[in-house]
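*Asks:* The lines below spell out each chain.
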Amino acid sequence: MDTGEKIIVVSPDGEENEVEVVTYLNSKDSMNQYIVYTKGETQSNGDVVIYISKIKEEDDVTKLYEIVDDSEWKDVQKLLKEIANA
Amino acid sequence: MRKNYNYRESLNNIKAGLFDIYEEQEKLINLETDIDEKKSKSNDYEKLKAIAVTLIEKIEKLHEEENSLDIDNNQDQVAVESDYADEEESEISIENNVEEKNENLKKYYLNCSLDKVNYAYVPESIYKIIKKNSSLLNDEKNEEDFFEEEMDEDDTTSIDDVDTDNNVGEEEKDLNIYKDDDEKPRGIIVRNDQYMKLALSKHRQKSVLEEAKEFRKKEVLKKQREEQKRELEKAELKFDI
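So the protein lines, in turn, are chains A and B. All residue numbers for the first sequence refer to our numbering, where the first residue is 2 and numbers rise by one. All residue numbers for the second sequence refer to our numbering, where the first residue is 491 and numbers rise by one.
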């Protein structure tokens with residue numbers, strides 16, 4: 002796997018994990034930004050596991066939130082497909 | 491052997507005691523008048539002295555060995571401690587390097603539990619394409635920022651026929667999921683559900699307003715004239731003109 006940008010993802014219990022950024026996504030209205038990253042995990046069939054989170058800047062701290070809205074999740078998938086089909 | 495036992499002092503005490511015994515025996519031997527008896531005692535005395543010396547030497551040797559063992563242990567301990575310190579230093583330096591490396595990386599704080607993070611399974615081929623295209627898009631974006639070009643809002647691509655299932659992992663590279671909106675809307679869009687009339691152009695509105703103004707003027711003049719006429723007729727009747 003190519004080595005791209007690396008970041009640290011800090012879990013709520015303080016555990017730090019170095020992960021590799023796959024890409025950043027911006028919503029069509031430019032209101033939301035998402036990050037797609039990987040921990041280097043692969044399935045037995047060769048599929049790569051990627052994680053997607055919504056980025057929010059709060060008090061100079063970059064936080065990652067889960068995407069709970071179904072329509073928002075679909076939009077994120079579409080954004081990923083856009084890149085795949087670019 | 492017991493530690494902290496003063497073997498040197500014990501040896502000295504033993505030697506001193508033996509020395510006293512030697513003096514005592516030598517006096518006794520010298521006092522012996524019988525030559526054979528004297529010779530026999532002298533031989534026994536010599537043997538005892540030899541045994542005593544041997545014992546003392548052995549004790550001294552053991553004492554020395556114990557001391558040397560302690561010294562070796564101390565030296566080994568020092569060596570072990572120095573090795574451990576070296577290992578610690580190397581570990582610390584490695585940790586520092588890792589920490590320095592991590593300090594340079596940006597931190598993103600997860601605001602949900604690990605089991606709630608959204609994830610997807612992507613075929614490796616698609617994953618590579620996404621990574622490649624992402625880097626290309628980033629390069630293009632940097633070029634766009636450099637030239638400061640504005641995006642046309644009408645150029646949004648339509649995604650009406652995009653597959654809306656939840657599995658990102660499907661290979662849709664070959665699918666033409668986009669259609670460019672070549673036939674842009676022309677003229678004025680009328681919403682049938684709101685029964686809106688076509689808006690008049692500003693030019694048309696202006697001319698209509700002028701016409702209305704002109705019409706009003708004429709109407710007012712006309713009414714004024716009619717009023718004046720009625721007044722005159724009243725005045726004529728009154729004076730029987």
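By construction, these hints were calculated from the structure, which means they are not laboratory data. Every value quoted in this text rests on a predicted model; they were computed, and no experiment measured them. Ideal placement from N, C-alpha and C gives every residue a C-beta, glycine not left out. Any given hint might turn out to be false.
The calculated DSSO-like cross-link candidates involving lysine-lysine, where the alpha carbons are at most 27 Å apart (straight line), are [as the list claims (entries may be wrong)]:
id: 1; chain 1: B; residue 1: K606; chain 2: A; residue 2: K29
id: 2; chain 1: B; residue 1: K622; chain 2: A; residue 2: K7
id: 3; chain 1: A; residue 1: K7; chain 2: A; residue 2: K64
Per label pair, the in silico range of CB-to-CB distance [as the list claims (entries may be wrong)]:
id: 4; chain 1: A; residue 1: T63; chain 2: B; residue 2: I584; range: 50 to 58 Å
id: 5; chain 1: B; residue 1: K708; chain 2: A; residue 2: D30; range: 53 to 61 Å
id: 6; chain 1: A; residue 1: E17; chain 2: B; residue 2: I561; range: 27 to 35 Å
id: 7; chain 1: A; residue 1: G15; chain 2: B; residue 2: L552; range: 25 to 33 Å
id: 8; chain 1: A; residue 1: I9; chain 2: B; residue 2: E614; range: 20 to 28 Å
id: 9; chain 1: B; residue 1: I584; chain 2: A; residue 2: K75; range: 21 to 29 Å
*Asks:* For every hint, state whether the structure bears it out.
*Replies:* Going down the list of hints, with the structure as the test:
no.: 1; hint: B/K606 <-> A/K29; result: holds, 25 Å
no.: 2; hint: B/K622 <-> A/K7; result: holds, 16 Å
no.: 3; hint: A/K7 <-> A/K64; result: holds, 16 Å
no.: 4; hint: A/T63 <-> B/I584: 50 to 58 Å; result: violated, 28 Å
no.: 5; hint: B/K708 <-> A/D30: 53 to 61 Å; result: holds, 55 Å
no.: 6; hint: A/E17 <-> B/I561: 27 to 35 Å; result: violated, 47 Å
no.: 7; hint: A/G15 <-> B/L552: 25 to 33 Å; result: violated, 58 Å
no.: 8; hint: A/I9 <-> B/E614: 20 to 28 Å; result: holds, 25 Å
no.: 9; hint: B/I584 <-> A/K75: 21 to 29 Å; result: violated, 45 Å
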